[in-house]
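Undergrad: Build out the structure end to end from the sequences listed, making use of the hints.
So for the sequence shown, my numbering puts the first residue at 1; every next one is plus one.
Keep in mind that the hints are not guaranteed to be accurate.
Computed list of lysine to any residue pairs in SDA-like fashion (alpha-carbon distance at most 25 Å, straight line) [what the hints assert, rightly or not]:
hint: 1; residue 1: K172; residue 2: T207
hint: 2; residue 1: K74; residue 2: G86
hint: 3; residue 1: K172; residue 2: K231
hint: 4; residue 1: K230; residue 2: Y173
hint: 5; residue 1: K230; residue 2: H202
hint: 6; residue 1: K231; residue 2: E244
hint: 7; residue 1: K172; residue 2: L236
hint: 8; residue 1: K231; residue 2: F22
hint: 9; residue 1: K74; residue 2: N129
hint: 10; residue 1: K70; residue 2: D242
hint: 11; residue 1: K74; residue 2: V106
hint: 12; residue 1: K81; residue 2: E67
Hint data in this document are derived by calculation from the structure and do not stem from the laboratory.
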Amino acid sequence: MQLLEVLRQFGGHARNAEIAEFLDVSDETVRRAVKSLSKMGVVARGHGGVRLLETRQQTGFFQRFSEFTKEKSKIAKAVAKAVPDGATVFLDVGSTTAIGAEELRVRHNLTVVTNSTKVAHELVEHNGNRVFLLGGEMRKDELGAFGFVAEAQARRYSYDVALLSADALNSKYGFLYENPVEAELASVVLERTSLALVAMVHQKFETAGRHQGFDPSQIGRLVTDVAPGKKLAAKLERWQIDVEVAE
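TA: Laid out in structure tokens, this is it:
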């Protein structure tokens, strides 16, 4: 159904007016569709907006890993260039970050800290790397660990570079997450990082997420595949975030 596809593009949540504008239909048309889908248990209504009950959290890592592969590969190559040999680097559980880990196999003597089992497997005992896998509660849908144990262990390191992901980037709210513990771990890492990069495909621009992330001004660089629109670009400039469009 078209409305469901729009909700997925918006990150699982949007206001009725936004959907109507996107589909070029009336607000009343959207309300009727939302009401019908709500009765079917597919979406939840509230305060002029609608939330998709089939959320990103229920989408497996490997499915996300297979989406927008060309775009993610370009971004990963660009991100890897920011990591020199011998650096201490943090990588999170994002699918673009995982592809970035593959690109980092050309580096030597890295100290890698991660909560992602895929990242750890990719880089452990390769070219003199030391890999530290954070503990905590494992989440099957992310192939990673989260919670106070992971956060406490992350505080023990000082990072030259942090390669982060997020579920959405919104010109009003900044970086957004579906999973609050992802946002919290990122905030912990950012307190101890010299250079913070967010790797993100342009399909996440101006979409929504349930949880506010870190202060956008803590990010040094956004690496993406398509330049942001004027409104978002202006906000990124205000937040003093450099934008690198991967070629």
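Undergrad: Hint by hint, note whether the structure agrees.
TA: Structure-based check of each hint:
Taking the CA atoms of K172 and T207, the gap is about 10 Å. The hint holds against a cut of 25 Å. Proximity of K74 to G86 is assessed by CA-CA distance (about 23 Å); at most 25 Å being required, the pair is judged to hold. Restraint check for K172 and K231: satisfied, since their Cα atoms lie roughly 10 Å apart, inside the 25 Å limit. A distance of roughly 16 Å separates the Cα atoms of K230 and Y173; the hinted pair therefore holds under the 25 Å criterion.
Restraint check for K230 and H202: the C-alpha separation of about 13 Å stays at or below 25 Å, so the hint holds. With a C-alpha separation of about 17 Å, the suggested pair K231 and E244 falls inside the 25 Å cut-off, and the hint holds. Between the alpha carbons of K172 and L236 the distance comes to roughly 11 Å, so the proposed pair stays at or under 25 Å and holds. For the hint linking K231 to F22, the alpha-carbon distance of about 17 Å falls within 25 Å, and the restraint holds.
A threshold of 25 Å between alpha carbons decides the hint, and for K74 with N129 the separation of about 24 Å falls inside it, so the pair holds. Taken as a hint, the K70 and D242 pair is honoured in the structure, with Cα atoms around 22 Å apart against an allowance of 25 Å. Under the criterion of a C-alpha separation no larger than 25 Å, the hint pairing K74 with V106 is consistent with the structure, at around 16 Å. In summary, the hint linking K81 to E67 is supported, as the alpha carbons are separated by about 23 Å, within the 25 Å threshold.
Of the numbered hints listed earlier, not one is contradicted by the structure.
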